[in-house]
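Engineer: Residue numbers (the working numbering), protein chains in the order written: chain A, 1 to 113; chain B, 114 to 223.
Among the clues, some could well be false.
Said to hold, decoys possible - Computed beta-carbon distance windows for the label pairs:
| hint | chain 1 | residue 1 | chain 2 | residue 2 | range |
| --- | --- | --- | --- | --- | --- |
| 1 | A | P39 | B | M193 | 35 to 41 Å |
| 2 | B | H151 | A | E59 | 23 to 29 Å |
| 3 | B | D152 | A | D26 | 22 to 28 Å |
| 4 | B | M193 | A | L69 | 39 to 45 Å |
| 5 | A | T15 | B | K194 | 37 to 43 Å |
| 6 | A | T86 | B | G128 | 28 to 34 Å |
| 7 | A | A82 | B | E127 | 42 to 48 Å |
| 8 | B | M193 | A | G40 | 22 to 28 Å |
| 9 | B | Q189 | A | E52 | 40 to 46 Å |
| 10 | B | T136 | A | Q17 | 39 to 45 Å |
To be verified - Mimicking EDC-like on lysine to aspartate or glutamate, the simulated pairs with C-alpha atoms at most 16 Å apart in a straight line are:
| hint | chain 1 | residue 1 | chain 2 | residue 2 |
| --- | --- | --- | --- | --- |
| 11 | B | K194 | B | E118 |
| 12 | B | K218 | B | D195 |
| 13 | B | K218 | A | D26 |
| 14 | B | K194 | B | E127 |
| 15 | A | K14 | A | E79 |
| 16 | B | K215 | A | E59 |
| 17 | B | K215 | A | D38 |
| 18 | A | K71 | A | D38 |
| 19 | B | K215 | B | E127 |
Calculated from the structure, these hints are not laboratory results.
Heads up, the beta-carbon is just placed ideally off N, CA and C, and yes, glycines get one too.
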Amino acid sequence: NAGVTQTPKFQVLKTGQSMTLQCAQDMNHNSMYWYRQDPGMGLRLIYYSASEGTTDKGEVPNGYNVSRLNKREFSLRLESAAPSQTSVYFCASLGGPGGETQYFGPGTRLLVL
Amino acid sequence: GQSLEQPSEVTAVEGAIVQINCTYQTSGFYGLSWYQQHDGGAPTFLSYNGLDGLEETGRFSSFLSRSDSYGYLLLQELQMKDSASYFCALSGAGSYQLTFGKGTKLSVIP
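Please construct the entire structure, taking both the sequences and the accompanying hints into account.
Structural biologist: Encoded structure:
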């Protein structure tokens, strides 16, 4: 099992450009999440999807959109990138014996100039 | 909303024991989790407390007291590879979301 995979690993954008971050999991998990991590700020939830066909806003959703394409895939889109969106983005899915473990992808490092 | 407080940095000696504390404010939650993150890496799950008390997993133990709004992660027999950031996180009541603390950077020195 690959677990949670993310593409791309690194990206540089100019202000105003758009891009989509891809995430896929092969663990048959229902719930998936997008976080951003900034220095000294911990991880902050952008959007999540409790199950296929549903998405909800997290703590910092402004400037982002998401699509739960199917049970495996959950994408994050930046329509018009801003320097404030420079960050490391992590995708995660929820599983574990009691459904309490989030499994994280390797992250996407995004720089917006 | 939910908020968590944990020390920003802790230094400990190889072979020793270290405790990382986490205090929180919330109107309701399912449980308290701990995640480890090495520099440049992704967070990985360490432990979960759904009930008050101590959970032990090898060298790592985690504790929760709902009455005190407090938990901690205890690392025993510290190794150099334990140098990492450690995050406590609350599972929100009625949802699947995690709210993370800002993390504690643990440095293990020889």
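Engineer: With reference to the structure, classify each hint as holding or not holding.
Structural biologist: Checked hints:
Separated by about 23 Å at the C-beta atoms, P39 (chain A) and M193 (chain B) break the suggested range of 35 to 41 Å. Checked against the hint of 23 to 29 Å, the pair H151 (chain B) and E59 (chain A) passes, with Cβ atoms roughly 24 Å apart. Checked against the hint of 22 to 28 Å, the C-beta distance between D152 (chain B) and D26 (chain A) comes to roughly 27 Å, which is consistent with it. Taking 39 to 45 Å as the suggested C-beta distance range, the pair M193 (chain B) and L69 (chain A) conforms, at roughly 42 Å.
Here the CB-CB span from T15 (chain A) to K194 (chain B) is close to 40 Å, well matched to the stated 37 to 43 Å. About 40 Å separates the C-beta atoms of T86 (chain A) and G128 (chain B), a value inconsistent with the hinted range of 28 to 34 Å. Checked against the hint of 42 to 48 Å, the pair A82 (chain A) and E127 (chain B) passes, with Cβ atoms roughly 44 Å apart. In this structure the supplied range 22 to 28 Å holds for M193 (chain B) paired with G40 (chain A), their Cβ-Cβ distance being about 24 Å.
Judged by the Cβ atoms, the range 40 to 46 Å given for Q189 (chain B) and E52 (chain A) holds: they are separated by roughly 42 Å. For the pair T136 (chain B) and Q17 (chain A), the beta carbons lie near 41 Å from each other, so the given range of 39 to 45 Å is met. At roughly 24 Å between alpha-carbon atoms, K194 (chain B) and E118 (chain B) are farther apart than 16 Å, so this suggested pair is violated. With a C-alpha separation of about 10 Å, the suggested pairing of K218 (chain B) with D195 (chain B) holds against the 16 Å cut-off.
In summary, the hint linking K218 (chain B) to D26 (chain A) is not supported, as the alpha carbons are separated by about 31 Å, beyond the 16 Å threshold. A C-alpha spacing of about 10 Å is found between K194 (chain B) and E127 (chain B), which places the hinted pair at or below 16 Å, so the restraint holds. For the proposed pair K14 (chain A) and E79 (chain A), the alpha carbon gap of about 12 Å is at most 16 Å, so the pair holds. For the hint linking K215 (chain B) to E59 (chain A), the alpha-carbon distance of about 14 Å falls within 16 Å, and the restraint holds.
For the hint linking K215 (chain B) to D38 (chain A), the alpha-carbon distance of about 10 Å falls within 16 Å, and the restraint holds. For a cut-off of 16 Å, the pair hint linking K71 (chain A) to D38 (chain A) is broken: about 28 Å separates their Cα positions. Of the supplied pair hints, the one linking K215 (chain B) and E127 (chain B) is violated, its CA atoms being roughly 24 Å apart against a limit of 16 Å.
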